[in-house]
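Student: Below, each chain spelled out in residue letters.
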Amino acid sequence: MTRDMLTRLGPTLVSLTLALGVGAARAEDAVTLSLTIKDHQFEPAEVHAPAAKPIIFAVKNLGAGAAEFESGALHFEKVIAAGGEALIHVPPQQPGRYKFFDDFHRATEGFLVVP
Amino acid sequence: MLPTLVIVFREVFEAGLIVGIIMAVTSGVARRGRWVAGGVAAGVFGACLVAAFTGGLSELFAGSGQELFNAGILGFAVLMLGWHNVWMARHGRELAAEMREAGAAVVAGSKSLAALAVVVAIAVLREGSEVVLFLYGVAAAEGGAGVGMAVGGVIGLGLGALVCLLTYRGLIVIPTRYLFAVTSTLIALLAAGMAAQAIAFLEQAAILTALDQTVWNTSWILSDESILGRALHTLIGYVDQPTAMQLIVYTATLTVIAVLMKLFAVPSAPQPRAA
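Line by line, the protein sequences are chains A and B. Per my numbering, residue 1 is the first one in the first sequence, and the count goes up by one each step. Per my numbering, residue 1001 is the first one in the second sequence, and the count goes up by one each step.
Treat the hints with care, since some could be wrong.
Restricting the straight-line Cα-Cα distance to at most 16 Å, the calculated cross-link-like pairs of lysine to aspartate or glutamate (EDC-like) are [to be verified]:
1) A:38 to A:109
2) A:38 to A:85
3) A:99 to B:1224
4) A:99 to B:1225
5) A:38 to A:68
Calculated directly from the structure, the hints in this document are not laboratory data.
Same shape as in the complex, but just chain B:
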């Protein structure tokens, strides 16, 4: 029971952090619940599919199918997150204004919601496929799904969902005028971390070999195998032994998102002059 609980919790926890942030980012947007739920459902379905074809997926691209798949979906999530931030920089204010008028923001907000629903789906798919494979392995070893496994799985899922809820609750207490800045920053860091992780997959497939030496090692302060290390890995892309290319891509992702947000931002209205 315990190993199942630990693994299920760990994976749901990682996906839950992302879902929690996205729930907070979209708080107040009409129909966001349906989009996020749709993302979760699509992710669970995708996870089962990926888990079922892990063997076949691995054999593709000279044995690098899994790495290319992971790098690909992470790259796509980075684009969605970046696009969301830029879109919000442009339309965030009008959206906030419209939201007060009932339902007016539905159409405007749905594009951005779709992008975030994709991110939810990808997060759930990535963590979920590991859960499915692990559970399948436990069931195979024990000759069937036992009661212990079911109990462990349900408790793990519940605890992971609790993290999602706490992340969301923790973020929405932030006053509205700061919320946009906070969530934009979180989304940008999330994107940069995912980009760096995509690089790690390309490096392990030897598709990318330039600048692949480890730059520093902070595992003595915080190991990325620890629970805090894992949380920070998911949230801001913390890696205790990053490669040069990972650092470059991380910084570049943050820079590009920040620059695009500035470029596309609505110029602020001229300040009324003091008499």
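Looking at chain A on its own, in the form it has when it is part of the complex:
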């Protein structure tokens, strides 16, 4: 029931957020990187993005349990429920190799490479 309420409430809140112009300007020229987490593996385990462009990670958790998608270098931590999908915004990065991981299963690692 509550879940229904939440999903119904969602669009209203979304339009409210957009009306406030929140984060809209940034998202336009962002690079979207799609990832999945399955059997405690990132697929792909290495993703590439150009320097000086904002990045959006679109992460699908296809595993049986929740994952906490996290990176110290890229400043994010987000719990993704089993079967859930999440969008994570990352500001433009300098060239380098940045690690991200599943904080619930630390062996699950991947890298963002900015050439």
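Chain A is fixed; fit chain B onto it per the hints.
Tutor: Structure of chain B alone, referenced to chain A:
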């Protein structure tokens, strides 16, 4: 068993540091046990609720529901901690005096206790919801909660609670005349760290994009993935790669709390002049 133990310990440990500090801050205040226990209970209940609705929560606000929720409750905790410090600067001395007279401080102290109980609840809720989600995932993967998971969970919980106890014991050995200064400082740093963490959540939701470049990188000295790094992250908000906005908000929080404490402090009684 081991992964469960590690995760449960890690999360309970982080909440335990905060609960330990708050137990020390309120030591000697009547009925504080009930308030802190109430905070823990509310936090556990909230954690289960948040864990159950993680999917729905994430979908809110164009997928930024989780970030806004985290930033919101952290912001609220910062207000509670700041308010506590300012309140104590004003009433700390009379409270200490009254405490010697049995029960007189109960009414005066309960407002401040309520604020700290909220902080306990928020700390437990944040770490607890991760534990619940993790355990649920383990149970789902193994087709049911196994003995290994239960044993790991109980040991992890016990070890985490031990950290809470040690934090408390470590703080209350400080002589009373320094205790107020020490705990005020700890609370202010805790608040500043939480404020900086709230900023990180707003940055990851792209709600806040100003000054979001990394200022320095101290991960080669102390990674915030290490156990010490995590402890310092919880206690003073240590981040190995902070953004400019995080540093500004961290400093601003400390400054505002310090200034308010000064402004609201009871002026000290004039010193008796030496003959």
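Student: Does each hint hold? Answer for all of them.
Tutor: We went through each hint and held it up to the structure:
Annotation: proposed proximity of residue 38 of chain A to residue 109 of chain A holds, straight-line Cα distance about 12 Å (limit 16 Å). Proposed proximity of residue 38 of chain A and residue 85 of chain A is supported: the alpha carbons are some 12 Å apart, at most 16 Å. Annotation: proposed proximity of residue 99 of chain A to residue 1224 of chain B holds, straight-line Cα distance about 13 Å (limit 16 Å). Taking the CA atoms of residue 99 of chain A and residue 1225 of chain B, the gap is about 12 Å. The hint holds against a cut of 16 Å.
With a C-alpha separation of about 13 Å, the suggested pair residue 38 of chain A and residue 68 of chain A falls inside the 16 Å cut-off, and the hint holds.
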